[in-house]
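Number of protein chains: 2
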Amino acid sequence: MSDSDTSCDIVGIGNAIVDIISHEAEDFLSRHHLVKNSMSLVDEETALAIYKEMHPAIQASGGSAANTMAGIALLGASPGYIGKVKDDELGKFFVHDIEAIGVNHLVKPTSSGPPTARSMVLVTPDGSRTMNTYLGASSTLYADEINHDAVASADFLYCEGYIWDIETTKKAIRLAISIAKEAGNKVSFTLSDTFCVERHHQEWLELISGPVDVLFGNEAEFLALSGCPTLEGAIDWIRGKVEIACITEAQNGSTIVTTGHTIGIDPHQVDKVVDSTGAGDLYASGFLYGLIKGLDLKTCGEIGSLAAAEVISHTGARPQASLQEIISSELKI
Amino acid sequence: MSDSDTSCDIVGIGNAIVDIISHEAEDFLSRHHLVKNSMSLVDEETALAIYKEMHPAIQASGGSAANTMAGIALLGASPGYIGKVKDDELGKFFVHDIEAIGVNHLVKPTSSGPPTARSMVLVTPDGSRTMNTYLGASSTLYADEINHDAVASADFLYCEGYIWDIETTKKAIRLAISIAKEAGNKVSFTLSDTFCVERHHQEWLELISGPVDVLFGNEAEFLALSGCPTLEGAIDWIRGKVEIACITEAQNGSTIVTTGHTIGIDPHQVDKVVDSTGAGDLYASGFLYGLIKGLDLKTCGEIGSLAAAEVISHTGARPQASLQEIISSELKI
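Chain order of the listed sequences is A and B. Counting in the numbering used here, the first sequence runs from 17 upward without gaps. Counting in the numbering used here, the second sequence runs from 17 upward without gaps.
Warning: the hint list may mix true and false statements.
Copies of the same chain are indistinguishable here, so a pair counts whether it falls within one copy or spans any two.
Capping the alpha-carbon separation at 25 Å, the derived lysine-lysine pairs in BS3-like fashion look like this [what the hints assert, rightly or not]:
hint	residue 1	residue 2
1	K68	K124
2	K68	K52
3	K108	K68
4	K186	K124
5	K257	K197
Just so you know, these hints were derived from the structure itself, not from any lab.
Excised from the complex, chain A in its bound form (with noise of 0.2 Å):
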């Protein structure tokens, strides 16, 4: 945490985890009755019984908006960070790669209370990701940690739709959004996942047509909260209800929305999809950061396929390689 220098360009929130990857086959999702592609929300107890038939796993820093966040820094603007974490073995990790990659961390650890929040990531060999996360510390983030300043002075805020699911979270996250809104900052938001949308469907609608100017989510996503059954369909409901909104349709590229226009973006081809983690978040970094540099929408979108074909490209959420360098050679940013 960082108390002399707040100042971010964008401030992101969001489940601080850890997350704990391996590659399995897909009869281990069946055996587990988990659901392809989704976050599943489990108590200790049930990701130490998941755990226990992995495959040996690499852990990595992640959680959603943090994910977001380090990719933008990655590609060189400025950003913070509100998520939750313990002073354990996870906690300092997280906080090591986090501030180690450039954002700012804007929430001090917690010293009590549940341990830092870790995600069973089970990696099939398509490449698709099934999480089974216990949120831990993350869980435990008050209203009054919320980094006025910080939030207020940001241009941009960038909500993780997985958050809403705590009521305390939800709070924090809700205070976060008045702030910036009063300071007349753009808010974004990420939907995480269809059944979070499914859970929290009224107030999310309530959410878009209010404080929302920036929507990302993929196209389950954006079916499941609009209730049309195609994607077309989705397109025309979400436009007008946002500035701006981004639909990811993984090997399709992606789609930008807004009240005049409809941009289609074409997939960065990778060789091979090891691990679609990160994907829909380093999307949304890439777009982030194009929108904080003033770049047309187009742009914006090629900067965020970039972004996910770079982290698709290995185990892990997180970047490996230089986006700025990556963007220079293909987009001569």
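Start from chain A and add chain B according to the hints.
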């Protein structure tokens, strides 16, 4: 730890370490006065100071002999492993991984004393790895923790040179060697590191002329051991001192030396060396697996090359692909 069944094809003994791996520019090494490609022993404070300056990292189980046993398990034989962790977070992670991969972990984690060993592994752009290891709990392996039955009943013992650095663990490994020899088993040994060779030169010369049957090392380690300035000289020097010597030569493959023969093994080409950590360990996995299965020495070396190629093509010192499938498709075994 499995009390019920300790029958193994091979037992490995070494420092049980979790790797904390980051990709760093070359100047990180000079700034910290580190010798590229070597392993330095550091205290906890120095490990933390290096960690503080490292880029975001991943945590993955490591430890030279543990990596070798992991590779042997993935190839389909039954290895055991003697190496000590504490029952802290890193220790649980290490034990999970070694058991999940199919290695019989033969030492109970300790609940007291220093924390589980960790190595700060700095991978530079050419894929070289430079390691800074805090030995912690791994240095408290006592002779009475050597599982007599497991060592006596396995056809092979595999000893890591690194473990020679601490008097306590050296006593333990000497006991394991004497148990193996008394039972009529083969003893294999890896030179580990040029600085290790220099530190223990006289003792290792005696060991190699004595109980060691199969010796592994890279070119630089064999030059340091033999005192010869050329590989050809080192090959002549080692011939006859051990039954089989395997000299790994990075992109030039490896050379197998017996009393009567010198067998050159081609390297298995990879597109890019991402992280060379574990290359020697996995070569040993492949070679020893071949010996366990009674294959000819050339095939043993080829399995070693294939296993090494897999592990250097990604970050982390344990294989991520099925070694059984690789050798089945490449060598029809």
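Hint numbers contradicted by this structure: The structure breaks none of the hints.
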